[in-house]
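Using the hints, position chain L against chain F.
Residue numbers (our numbering), protein chains in the order written: chain F, 38 to 369; chain L, 38 to 369.
One thing to keep in mind: the hints can contain errors.
Put simply, identical chains are the same to the list, so a pair is met inside one copy or across any two.
To be verified - Simulated crosslink set (DSS-like; lysine-lysine; CA at most 30 Å straight-line):
| hint | residue 1 | residue 2 |
| --- | --- | --- |
| 1 | K236 | K260 |
| 2 | K170 | K73 |
| 3 | K336 | K122 |
| 4 | K360 | K193 |
| 5 | K360 | K243 |
| 6 | K327 | K122 |
| 7 | K328 | K236 |
| 8 | K275 | K264 |
| 9 | K193 | K327 |
| 10 | K360 | K74 |
| 11 | K336 | K137 |
| 12 | K336 | K216 |
| 13 | K360 | K75 |
| 14 | K363 | K193 |
Quick caveat, the hints were computed from the structure, so don't treat them as lab data.
Protein chains: 2
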Amino acid sequence: MSNSENTKYVIGVDLGGTKILAAVIGESGEVISRAKKKTKPERPTEEILGRLVSVCREAVEASKLSFDQISGVGIGSPGPLDPEKGIVIETPNVNLTGAKITDFVSGELGIPAFLDNDVNVGTFGEFVYGAGKGCRHLVGIFMGTGIGGGVIVDGKLLHGFSYNAGELGHLKVRAFGAKCGCGDRGCLEAYASKTAMIKNFKKAVKKGKATILTELIGDNWNKLTSKVFRKAWDANDKLVINELERAAKLTGVAVGSLLDVLSPEKVIIGGGLVEALEEELLPIIRENAKKNCFPIISKDVEIVPAALGDDAGILGAAAIAWKRLKGEAVAV
Amino acid sequence: MSNSENTKYVIGVDLGGTKILAAVIGESGEVISRAKKKTKPERPTEEILGRLVSVCREAVEASKLSFDQISGVGIGSPGPLDPEKGIVIETPNVNLTGAKITDFVSGELGIPAFLDNDVNVGTFGEFVYGAGKGCRHLVGIFMGTGIGGGVIVDGKLLHGFSYNAGELGHLKVRAFGAKCGCGDRGCLEAYASKTAMIKNFKKAVKKGKATILTELIGDNWNKLTSKVFRKAWDANDKLVINELERAAKLTGVAVGSLLDVLSPEKVIIGGGLVEALEEELLPIIRENAKKNCFPIISKDVEIVPAALGDDAGILGAAAIAWKRLKGEAVAV
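Only chain F is shown next, with the shape it has when bound in the complex:
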């Protein structure tokens, strides 16, 4: 501990639609302290950014470290965004469209700030500290309300020309198929996200189809958490099981396509749905991915569950801050 006053830390921030998480994190990924606030996403942009800064300050306070020991802050935010300029381009669910996040945060805190989109950040967290440690080529897919993804090529996040590569939930698995929230048709997200499944459950219930869901959540579909999916599966609810199996099959097809295009070493599958039903869904995803990919590409690929859970966001944000502070490129 002799050197502890000189040891440096960063803040990792996970800015979500309902809450903002911040943590003080060391270079090997150790979480020193945490803080949390509601996002209040409908409030004015300045207020949301103010809450973001104050949750950072709270995390530092809780760490008992001196602020001099904090070298920078990494932030994961919903996008699309411009990670180079640190600006949010558009966020339908949080009032941050056009917000110059990094300028604001580094102005307030007096340390460098770095920004990337939430799912990229989560994938980067798994790459540096989680299930993807040591891989050069990696794909992350996160199944929840929507389906997000991130791509690591040769150890760097793939941003591409628009800085917004890696929209893996919008891979078209059925050309001109089901309408997606993004406005297109046939996207994986239009079949395998919670939002898509709820749409189908509603239709089925309306048609008088029996399901334990009506018992578990009444007609309040907001209560349909991943845990409720788990309960319905355990109760052998056919409607829910069929829907989840279909979602897993189509996710497998999409993963197969991604293997053929990107040829990663590992595919990490995360998100609430997979956390709740890992043993049920992952084997179906694996089987259908292998079935939908060249054997030479799929043979040594591992399709594994995410390891960091909800901490992928803060840890990935911290990892980005660490690398950027050292002048290393984190993305191409």
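Chain L only, in chain F's frame:
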């Protein structure tokens, strides 16, 4: 011309299923001389490799250069293959499975040899000398008998973990859909390749559907070249037009998916079908790509025809040789 005896050149080789092309090429892409031989793909491996070496020698002879001025040879071959070891892993249509191409060629010619798969090489040719010049992120799709592709990320070919990334023809556009030659279902190639379309034409003709194809090629489907497609289109043949339009639409959907995943600056569409019907097919591909992609990703993307035609292979192979000779990485 004072320095001409010291000027260096490389040989670019395009090893195809029916012919082997070789050319002596300067660093700015100038083709000094060419040679060509039949592949005779069913002959013993040693014989095919012998033909490859002798066509290289013929190209050098035709160039009137001294062999000392030839620094290396780049080779594009059907795959899958291991470009690092210079070994063909498998080629269903050419008897080269397991062939140590680069060892053999550099042993015979006494200069370094470099190998990559034919479609990667074509994409790299377009990237260095053709329609993709100056782009950092690029996708190439080539529509012919099959559908091949190549991906450039940050100026390098994407090989991925298996060295076989970029199998863009096997993106699934209709999960569990039409059977593909690769054994999977629903691949783009199962709808938009010449092979797939011929399958559908045969069925239609068998059902008694009228088409000018019977007049143009009788029942010899091997005669169904891209030029015949062109003629049938010009004759307003509904069967052919509908099939080509469907192929272009689904190619557009696949391009939209690829944009969402990779976010390139340009997509280059090449191959015999597109050369013969560029004005008819490209607008459909463009429209459907934009319709099937996030606007923020598609807005500045150009979807353009390939510029090098059949020379993409020899030029791409030469470009790989030039870069490798200088110790530059060409792939990740």
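Hint-by-hint comparison with the structure:
1. K236 - K260: Cα proximity of K236 and K260: one copy only (14 Å, versus 50 Å across).
2. K170 - K73: within (27 Å within a copy, 48 Å between copies)
3. K336 - K122: Intra 40 Å, inter 19 Å, cutoff 30 Å: inter-copy only.
4. K360 - K193: Answer is both: 11 Å inside a copy and 22 Å across each meet the 30 Å cutoff.
5. K360 - K243: Classified as neither; 52 Å inside a copy, 63 Å across copies.
6. K327 - K122: between (39 Å within a copy, 25 Å between copies)
7. K328 - K236: both (28 Å within a copy, 23 Å between copies)
8. K275 - K264: within (17 Å within a copy, 53 Å between copies)
9. K193 - K327: both (25 Å within a copy, 27 Å between copies)
10. K360 - K74: Close inside one copy (26 Å), not across copies (52 Å); limit 30 Å.
11. K336 - K137: Intra 44 Å, inter 22 Å, cutoff 30 Å: inter-copy only.
12. K336 - K216: For K336 and K216, the Cα distance is within 30 Å only across copies (21 Å; inside one copy 34 Å).
13. K360 - K75: within (28 Å within a copy, 53 Å between copies)
14. K363 - K193: Both: 15 Å inside a copy, 24 Å across copies.
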